[in-house]
Amino acid sequence: MTVLAEGSYASPTGQEIVFVLLGVVTLAAAVLVVTTRRLVHAALWLVVAFGALAGCYLVMSAELVAWVQVLIYVGAVVVLLLFGIMLTRAPIGPSTDLDGANRPAAVVVAVALAGVLVTVIVDGFRTAYVPSARASSGAGSAETIGAALFRDWVLPFEALSVLLLAALIGAIVLSRREIGPAETDARRGGGEGEG
Amino acid sequence: MTGTLTSAAAPLAGSFGNLAGAGLAETTAATGAVHGNAWLMVAFPLLGAAVLLLGGRRTSGWGHYLAVAMSLASFVWGVLSFFQLLGFAPEERSRDLHIFSWIPVGSLRIDFGLLLDPLSLTFVLLITGVGSLIHIYSIGYMAHDPERRRFFAYLNLFVAAMLLLVLANNYALLYVGWEGVGLASYLLIGFWQYKNSAAVAAKKAFIVNRVGDFGLSVGIMIMFATFGTVAFTPIFEHAAEGAQGWVTTIALLLLLGACGKSAQLPLQSWLLDAMEGPTPVSALIHAATMVTAGVYLITRSGPIFDVAPEAQLVVTIVGAATLLFGAIIGCAKDDIKKALAGSTMSQIGYMHLAAGLGPIGYAAAIAHLLTHGFFKAGLFLGAGSVMHGMNDQVDMRKYGALRKAMPITFATFGLGYLAIIGFPGLAGWFTKDAIIEAAFAKGGTTGLVLGGAALLGAGLTAFYMSRVMFMTFFGTKRWDDGAHPHESPASMTGPMVLLAIGSVFGGAFLVLGHRFADFLAPVVGEQEAHAFNPLAPASVATFVLMVLGVSIAWLRYGRERATVPRTAPKGSFVTVAARKDLYGDAINEGLLMRPGQWLARVSVFVDNRGIDGIVRSLAAAVGGSSGRLRRVQTGYVRSYALSMFFGAAIVVAALLVVRL
Amino acid sequence: MSLLASAVLAAPAPTPDIPAPTIEYGLLSPMLLVFGIAVVGVLVEAFVPRAHRAAVQMPITLLGLAGAFILTIVVATQDITPASGQGWGKLAAMGSIGIDRPTLFIQGTILILALVSTFMIAERRTDEGSFTAQAAATPGSAAEREGLLAGATHTEVYPLVMFAVGGMLLFPASGDLITMFVALEVLSLPLYLLCGLARRRRLLSQEAAVKYFLLGAFSSGFFLFGAALLYGYAGSVQLGAIARAVRLGPGGQYATEVYGASGQFAQVTVGSNALLMLGVALLAVGLLFKLGAVPFQSWKPDVYQGAPTPITALMASCTLVAAFGALFRVFYVAFDGLTWEWRPMMWLIAILTMVVGAVVAVTQTDVKRLLAYSSIAHAGFILTGMIAADAAGLSSALFYLAAYGFTTIGAFAIVTLVRDAGGEAGHLSRWAGLGKRSPVIAGAFAFFLLAFAGIPLTSGFIGKFAVFQAAIAGGATPLVVVGVLSSAVAAFFYVRIIVLMFFSDPAPDGPAVVVPSVFTSAAVALGVAATLVLGVLPQSVLDLADQAASSLFVR
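Chains as they are written, first to last, in the numbering used here: chain G, 1 to 195; chain A, 1001 to 1660; chain F, 2001 to 2555.
FYI, nobody ran anything at the bench for these hints, they're computed from the structure. Please note that a few of the clues may not be correct.
[Said to hold, decoys possible] Simulated crosslink set (SDA-like; lysine to any residue; CA at most 20 Å straight-line): (1) A:Lys1195 to A:Glu1241; (2) A:Lys1404 to A:Pro1485; (3) F:Lys2090 to G:Arg151; (4) A:Lys1398 to A:Asp1335; (5) A:Lys1203 to A:Gln1193; (6) F:Lys2436 to A:Leu1054.
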């Protein structure tokens, strides 16, 4: 396979323009996540950011990753967050104490980190240009990923299943009550019911 | 085991001395059950010591039997090894036994290996044989001591260390044994530590020995630097190729080690004080075995000394000076054990003198060492027996006419006495004469001076030993009130009888027919056989001087009319000097101790003001920075994360800096 | 071809067969056995009545670890030639696993040390074991007291430990960064959990678990970012491919097999050096965190103190070995051609680690925190050996790890025995005069401390000697000077404890030394024996490490 010479950053295709727009949406939504004064809004803005990121993956024809992003991050993770907000009875309205005194320091660290990473990636891939037409040749399809996963990466894949099993056991260990007087549990259950 | 038995049986038929080999033997790997497991000889007594020391009071009831059994086990194994060795042709009688790699760090590779050859096995038999006898003797001698278990543990420890010393096939392992016997000696001299004199004597022995040990260790280091190894075989093969200056330095440092262990000038002073230990210890360690380690070292290192003639000369001078020195001290001491200690010093001087003469003298030195081991151990045990009967009185001026009260002791002591003064036909006569002859045979002025010293020493020996003999067993009773001398129990007299037999026949067995010299030849080199000639001029002169010495002693101490005052008279200038160990301690004190103390005081001052100051401020600095750094550990995860973040930045920076 | 078209075309056609991957089950058998036993342990939890669980879990865990150790030896005795034809070893499981002599030595060490740690975990005589009755109970609540009174304990600990050990075996054997990352998580996650299960001082334990988890996740992020950047540089996450890319340099091109499309090759262009350097740095941060090198050490004292002591022992021995194994593999294989670049960075880290570890330990008052700082300092010493970047450095570090592992487990085992009303007597002042009360225990602890200090006739001396010698041969003499100075500082606080134990008068209400069952006794005895044997007769293990290191890692 040879590197194709046609195309460059100077004459963007339609796909590339979409990609940039999605990127801007992601970035804007991410900034809003950390600046909004409403906790629930932050979670919702996160949906937007994740969704736009999924769009970026799609444009790069990484279909499987895109759908995984939608299902797991937009679906599961954000829902989990919202449940967390609900169960901990966090204030729905705007709250003033979401920011700490370390805000400036956090900004500095975040900007510095972003600066370093952007610099490195720009520097690293300065000359590399892969036209999106070539990218859509099936490298991101579920079939290719499946083949790679179950052939080349079968061992780490199976190891991940072990990791999940361990995590499961751990969750049980940390949450399950087996000993203790029954009435204690009953009282606790009643208390929660009243709340 | 069948192979062992047949090979052990074979040499019994033939005379073992006639199989003379040519030149130094090639070292061959040890095989067979007996030689292959020669390490057991060291392991037995070590195990005994471990059981007794770790077992505590539980072992008090039977511990001494265990110790005796372990010592005897080593002896039996030694005898078996000896006979198996005789089964080999002389040139194959050097058996190297590799046990395991001991210190394999970098280019320094030291193997834990044993060397079984005529020389080492001779020592094994002496150590375990005499050692076992003295173990048995001690059962009776120490019967009333509450700490008998500890005593036997130390004795076993000593036997193990001494066997390691003589069996090692390299200098590093030898050094381990060397330090081991030093430790055992220290522990045993100070065994009665509640006696201040014993504690001080132990400390003195320890410190003086340190000087010698330091010399030995530096010598071994230089050896490694020069030859790249510390194993005997390669060093001896390449001794002649080493730089002359370094080889001489090594030889002199080895001599320093030998002087410390063998109480030779100038490191002689500890031996007289070491008599504070129990008498069996004096017999075993400070007469028969440990103090001869120096002779062993020099004989074993023969190939090094042979190419360093200057060092050899120093050895002979040290030997000659010490033999006179010890003899003079022996003449003046009233303490029976100290008189014998002076004698030991003197006799070891003879051995050093012989060893310094080179191949011609090695066999004579070792032969004298063996016979000396017998008669001196016997004399010490006899002295112990006398003390046992006299309420631990050691002053000979309070003995007298004991021959009737203790007949067995008298007989065995007497035979040892005759052997040491060189009475014709007894052990000492053969071996001491050989040394005197060898000294004269060196020729030139050196030979005359050395031979003369040895001759004079023989006369002095006759005098002071006769003095001991007569003051103790003859003359009039000068006992303390309440002394009821009695013969000692069989466990004590038995070993004395056996040692007396050795004192009578040992010399003839070894020297006649050139037997021992031929046996040792594969190790120490060949010497031309010359028949033993009792009518040689030197022998005659020795005999005359001996008679002279005995006669003077008889006139002064032995005959009925001679009066020995119960308190020592003032004595002449020489006597006073000799009583004070010829000012050995004073010299040490003036030359070494005072400047040493002064240096120590200066050092303490510098240490307190300078080094301690630096150390304290350093410690404070470390503590301070520790406290400051500790504050970083706030306990907050966020600050930990931040520190990791900065750490990552440092790592990135460190990597990028290289690229710039 | 558009997405839609391919979907339409593919729909009627039967699903194409994926060629089966080749998995060398024989070579992977130690890891498979450990994971298998862990799964069996989970089943035991599900089906065996509570009262019998511990009696079932403990033997299968011990047998599993012992069996895996034997399998490791079996694998090591086979004749395996790599594709290059030189040395010994093989890339197994589609390149995900590298089985070679250093890896097998590391795995064997981990298994033996895990076995000894499991002895401590199995101990029930000290206050019914070291683990909480029920983790879900709020500290100080009635439920917790009930659990304690009922003498309950979490037997899930055994499968969790086995999962962690499996991850530790996988971690240094990983042939690519993805497997390594997964292994890192497999070994870490159970440890995060286990840290929170201490029976006494529950709050401290839970705090430790949370801290370890958060910081561990943070460091995993570094690792992952580093791996991504390295992929950007080399076009592959295979350690061997990264090494090849490093040799080619930026702009170089090589062909690599396309994942998921067997038989197809793609031309890869090596990326810029910025990617490489940042990738190396971030990957190093992830790895150095696990072994607690300064400045990534901050979790160690808190976690070591809070975790149940048997788990602390497991972390201080096995995790350290595994983390060093992975560090060695990455830096010896992937960054082999970059030695000159990473060496100054490692110098800096090693110096910081030795100095900070030794200096901060001086003012510690808790024995577990002190051992944690000692572990930091020792990590620095081992890094010193690594800097030589040759077989001698690897060999010395391997020996050091094995020797240190035994000693540290023994030391922590003794910590579990010295107890007062509130559990383990952690504060050093409580240890005063222990030598007069329990001379054997205090003597063993003193022996371990002397080994930590590197006194001759202990394994610590031989280890330090070997490491420093390798460093000097590798031209890092100044580093060795710093190392020796730090050892001197470290020796100060070790000796201080010995003085405290033997020359101070015991407090009247001082802690009691529990008479342990055979398990903890075995852990202590093995620790003493290994420390002594490796100190007096180190030859066989030194030879083994030499032999293991001489063929280096397979690529």
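Results of checking the hints against the structure:
no. : hint                   : verdict
1   : A:Lys1195 to A:Glu1241 : 52 Å, violated
2   : A:Lys1404 to A:Pro1485 : 10 Å, holds
3   : F:Lys2090 to G:Arg151  : 18 Å, holds
4   : A:Lys1398 to A:Asp1335 : 10 Å, holds
5   : A:Lys1203 to A:Gln1193 : 11 Å, holds
6   : F:Lys2436 to A:Leu1054 : 18 Å, holds
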